[in-house]
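Chain by chain, the residues:
There are 4 protein chains.
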Amino acid sequence: MLNVAIVGASGYTGLELIRILHCHPEVAVTCLTSEQSAGKRISEVFPTLRGRCDLILENLEPVRVSEKADIIFTALPHKAAMEVVPTFLKLGRKVIDLSADYRLSDPEVYGQWYEPHLNPANLKKAVYGLPEIRRAKIRGAKLVANPGCYPTSIILGLAPLLKQGLIHPHSIISDSASGVTGAGRSAKVDSLYCEVNEGYKAYGVGGVHRHTPEIEQELSLLAGEPLKVTFTPHLVPMDRGILSTIYAAPLKEMTSADLVRLYAEFYAGEPFVRVLPQGSLPSTAFVRGSNFCDIAPLVDARTGRIIIVSAIDNLVKGASGQAVQNMNLVCGFPETTGLDGLALFP
Amino acid sequence: MLNVAIVGASGYTGLELIRILHCHPEVAVTCLTSEQSAGKRISEVFPTLRGRCDLILENLEPVRVSEKADIIFTALPHKAAMEVVPTFLKLGRKVIDLSADYRLSDPEVYGQWYEPHLNPANLKKAVYGLPEIRRAKIRGAKLVANPGCYPTSIILGLAPLLKQGLIHPHSIISDSASGVTGAGRSAKVDSLYCEVNEGYKAYGVGGVHRHTPEIEQELSLLAGEPLKVTFTPHLVPMDRGILSTIYAAPLKEMTSADLVRLYAEFYAGEPFVRVLPQGSLPSTAFVRGSNFCDIAPLVDARTGRIIIVSAIDNLVKGASGQAVQNMNLVCGFPETTGLDGLALFP
Amino acid sequence: MLNVAIVGASGYTGLELIRILHCHPEVAVTCLTSEQSAGKRISEVFPTLRGRCDLILENLEPVRVSEKADIIFTALPHKAAMEVVPTFLKLGRKVIDLSADYRLSDPEVYGQWYEPHLNPANLKKAVYGLPEIRRAKIRGAKLVANPGCYPTSIILGLAPLLKQGLIHPHSIISDSASGVTGAGRSAKVDSLYCEVNEGYKAYGVGGVHRHTPEIEQELSLLAGEPLKVTFTPHLVPMDRGILSTIYAAPLKEMTSADLVRLYAEFYAGEPFVRVLPQGSLPSTAFVRGSNFCDIAPLVDARTGRIIIVSAIDNLVKGASGQAVQNMNLVCGFPETTGLDGLALFP
Amino acid sequence: MLNVAIVGASGYTGLELIRILHCHPEVAVTCLTSEQSAGKRISEVFPTLRGRCDLILENLEPVRVSEKADIIFTALPHKAAMEVVPTFLKLGRKVIDLSADYRLSDPEVYGQWYEPHLNPANLKKAVYGLPEIRRAKIRGAKLVANPGCYPTSIILGLAPLLKQGLIHPHSIISDSASGVTGAGRSAKVDSLYCEVNEGYKAYGVGGVHRHTPEIEQELSLLAGEPLKVTFTPHLVPMDRGILSTIYAAPLKEMTSADLVRLYAEFYAGEPFVRVLPQGSLPSTAFVRGSNFCDIAPLVDARTGRIIIVSAIDNLVKGASGQAVQNMNLVCGFPETTGLDGLALFP
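Protein chains in written order, with our numbering: chain A, 185 to 530; chain B, 185 to 530; chain C, 185 to 530; chain D, 185 to 530.
Derived from the structure by calculation, the hints contain no laboratory data.
Computed from a predicted structure; not experimentally measured.
If a hint is listed, it holds; no wrong ones were tucked in.
FRET-style restraints, in silico, Cβ to Cβ:
(1) V373/A - R394/D: 31 to 41 Å
(2) E299/C - Q462/B: 22 to 32 Å
(3) A485/D - G276/A: 40 to 50 Å
(4) A212/C - T439/B: 52 to 62 Å
(5) L186/C - T271/D: 42 to 52 Å
(6) P291/D - E210/C: 44 to 54 Å
(7) I240/D - E210/C: 31 to 41 Å
(8) E210/C - K252/D: 27 to 37 Å
(9) R248/C - S289/A: 51 to 61 Å
(10) E409/A - K308/D: 45 to 55 Å
(11) Q296/C - I240/A: 35 to 45 Å
(12) S289/B - Y387/C: 29 to 39 Å
Okay, derived cross-link-like pairs now, BS3-like style, lysine-lysine, Cα gap no bigger than 30 Å in a straight line:
(13) K436/C - K412/B
(14) K224/C - K372/A
(15) K372/D - K263/B
(16) K278/A - K321/A
(17) K412/C - K436/B
(18) K252/A - K309/A
(19) K321/B - K309/B
(20) K372/B - K372/D
(21) K412/D - K309/D
(22) K436/C - K436/B
(23) K252/D - K309/D
(24) K372/B - K224/D
(25) K263/C - K326/C
(26) K412/D - K412/A
(27) K412/A - K263/A
(28) K372/A - K263/C
(29) K224/B - K278/B
(30) K372/D - K224/B
(31) K278/D - K321/D
(32) K263/D - K372/B
(33) K372/C - K372/A
(34) K436/A - K436/D
(35) K224/B - K252/B
(36) K372/B - K263/B
(37) K412/D - K436/A
(38) K263/D - K274/D
(39) K412/B - K412/C
(40) K274/B - K309/B
Note that CB positions come from ideal geometry on N, CA and C, so glycine has one too.
Can you build the whole structure from these sequences, using the hints too?
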């Protein structure tokens, strides 16, 4: 039984980690921190936990957290993560970081999109934690950079095609949409119920969303050459879910059947990627609360374009579920431990 | 490992049974029936199940179902259940019936609210499956009548007071509200998204909802005298959840603190009832997907009335979760097996 | 053409006033204030207005506002209203106040529920602006206290019975539910989309909601004797709407048909109250965006209780629509001017 | 005062026509038909209308309808429209057809996507009713083919660029999303609240949605050459609204500022098209219930692609509002009559 700390536990990804780990037989959650709610019980912040997890939220003191835990999940905003991760690592703890701080391997790129990186030394050692692409490296990692939610849906959606060089690398457009948990739990007028409900909108249009460099980094690695994408996020009035509708130009003629076969082979044996049979399409509703990524690749015969639709729960495969999957790999547990729950529908 | 059949698997309570039993270590789902979708895979009807439960839906042939299962859940409309349950019982199977057919112990009352009862012999043997009230009897039962969703929230909300004779039995009003899964999965204009969304309404007002006699039967038993209630159901634009706000006149003076103490003692040791501390109130959001019933009892000091607010997930504690809890009791498994998942929030 | 100012225009009731007055042929909106957004165009705050109302939001300087307008709507929080209303009145302006500051005729009661009243002199002159009950007095008023949203639904629901002494005045329970616009537009975690969505809860239970004294004041006046009510508000995951389900004990035997007749007579000729035919029930969805109050009174024959269900749009008949109705009365315009739009459904 | 009939009044576009025309000073609605609900009052089907429009729904007998109305709106499914429109025209009535039957000018194309066309003679005379593109022709028309909802958002979004030959005609991708009213009001499991709520999905992917040929017909006319588009519709859990995010490759270098200027000039004087200032983006929430189309064109500087985001209310500018705009043109009324209502937000 390993001990686990969740740093930044009063946000939605923190809560989701607690929910998932509650049924994980190999670990115990022993420490939760929250700057805003320190001193309160986590079950006062999230009454879903009442009677099952009533730990008192602590201030974030890295040394004390390290004393209480073998594995540390950092569910902090960017910058806040890289301020504490070095201490955790120095003290020999393993870290799964859910922030953006260790995802971009080049600190200069990080600097362009965020601010100067404070910890380039560990950045070099961090492993980008998308198990379907980097399983072997994650196994030995001390610091896993858990992928962003949009990037997870897009990279899994394109990996089979890019890996085999089947699409024009500069043709990629991802039109993606997220539920509102993606905006976090801080009090902002823009995230109020009445501002979001009954409306659908694009935001961060034109290549300005901070997930863009992460998507390009990983797709470039898969393609074997640098590429740029057009990525447009949208906000959907629902709690959870990301769906990406991805467009690309093929380099040779393929049918939808060819694509389904290609994807099914590429992801054969993957416990959390479901390639849908030809004619089926994913919905975020069918993965809600589960760690699945559902993918449907097809060809628009009239225009020749390839279209891939992929769906995840942004809080599970797009954040906390994937983080637990990474923890399982890092700790040598079976990869699906704690993650076999089915989606909650409706 | 026991084998389980779910008869009427293509509705929401059927799906919820599959979801819960998927993580239950003592049983295997071996047979699913659906009149409408026989021949299809259940995962075509509910893509959440893809890759995890792909059984083919069968027609409902009672003998064949009995051959495949030790325990049978009947998730059928009323009347359809009592047409097949006798066969299951005759063949020695244990039955957890989620319909209304075996809940009302008096067949005449059933006749007044539904239609003539077809199976009064088994009705006599059926046990009303509310474990917090009837645990001992459920343990030995062959036929469990799984309670209705509204009744579960109301009976658990009033049991401590009625059992101890602390309220006027004719003073009870329950103003209750349900999410839309309560209306089932059949194609009706009234249940269309655009008819339900962004609206709140009462329905079945004035003592005409069919859960009324069930509520009165059980509350009368608790009170030790026949009583009638005013029960008003409402429809809330959300998928899951029932919240009952219950009013009653006390027979002696009590404070909110007295009530919380009384309830906490009454439900001490109950794994699925959470009595909230004074000052806290339940929300359906905090039990969504879990088997909890959260209860807050208090006194309106200005008017002297007692108010109890109780919340459940209508598909879990109000249907399929409670059915699994009953199965655990019937089969001698630990009562919480398969039911320790936390609520999904948000 | 009269000039109108809206003080506190960047909240939801402010916006709703602009929306309604935009189609009002007798007035022009000439001044909008907002502390938070002064200097911005109102159409930057609410893009629905773009190209139709692009006024720049001003700081609230009462003298300057008075120079620009004949009629002033104050859509401010309580206390803020009574800080500026005296100036408006002194300068001869007519005021429709949407806050709670002038609703409670007794400053001591105001003090118990809010804080010491700053302006008892004008409080005495204010008229409670529920036209169906006080039409004549509103016509000559200089200061109208626009009713609260919950009180509007409850008072209209009970007036016919109380006025004729047909119910026991101490038997009243109102179980009411509101959409989320009722919580206003300020940035609070509790009002975030993901905190509210897919959940239903009671709040302010036990006679602590500040609308309680307003309800009791008006019902007592109708009954001709002081009375207390049990009032329980709930929060529904939808933008707009209030539905009150009201329970009372009759003083003589009546049928549902009697009640419908009584209500139809009482509200005969009222342009905005619709008494539903027996067997029909209201929904907030059917009044959304309109100034109607839909009411269904009936008898629960099994328990003898009277149940009244009434529905309004909290932002229209519960706030801004009623305010315009009051303005029409105060200014001598036909009462329905600007208010004949039908509900937006779906 | 002209008399108006609405054929197919019990669907959502029928109701929306009644709502809009209720405030139109030049027409009176005198006849409503509905096959499903003939004999009922429209206000029984849609209680929003109670007391304001209580006409009895009639069976669709074309001659009798023609006797009662000068202008006829056909809000019928495809095929049903072209079965009655010829009679209306023969009897000298003017027709605004909201179905797809007269939108595709080539009956062969209609045959490929629907079924053999029954009325090619009138098809030739029909005018495609997008006022911003065809105003002059609509003025003299006897039969107006009211555009589809998706096509309206896409054609208005691309007209300025195509008209001036600024984009590569074969580069167009429109990723569009609709609220659920777009699926109509018939009882289908797929449109149930619990099936749609809390989920986001693509449908009709790969060039199979029937709006595709309509989009291509109109864009080809604007471009002056035949073109094909990739069009992907999505379903959003909300009642109303369509947002199209459109991608295209420019033929010469342009900045976002250039595009905003181009669009503002192209749509100068248009009462219902709002070109947003640079940096602003539309939301369906900001046009809900109004006849506006909000458009934001911009350049993704990193990839060079042009992105246009356009938003409408699918039931207003995408159906019934545009139909009334067309009626105004056909009848010589000011174009905005009855259509100056602002969006309902929230």
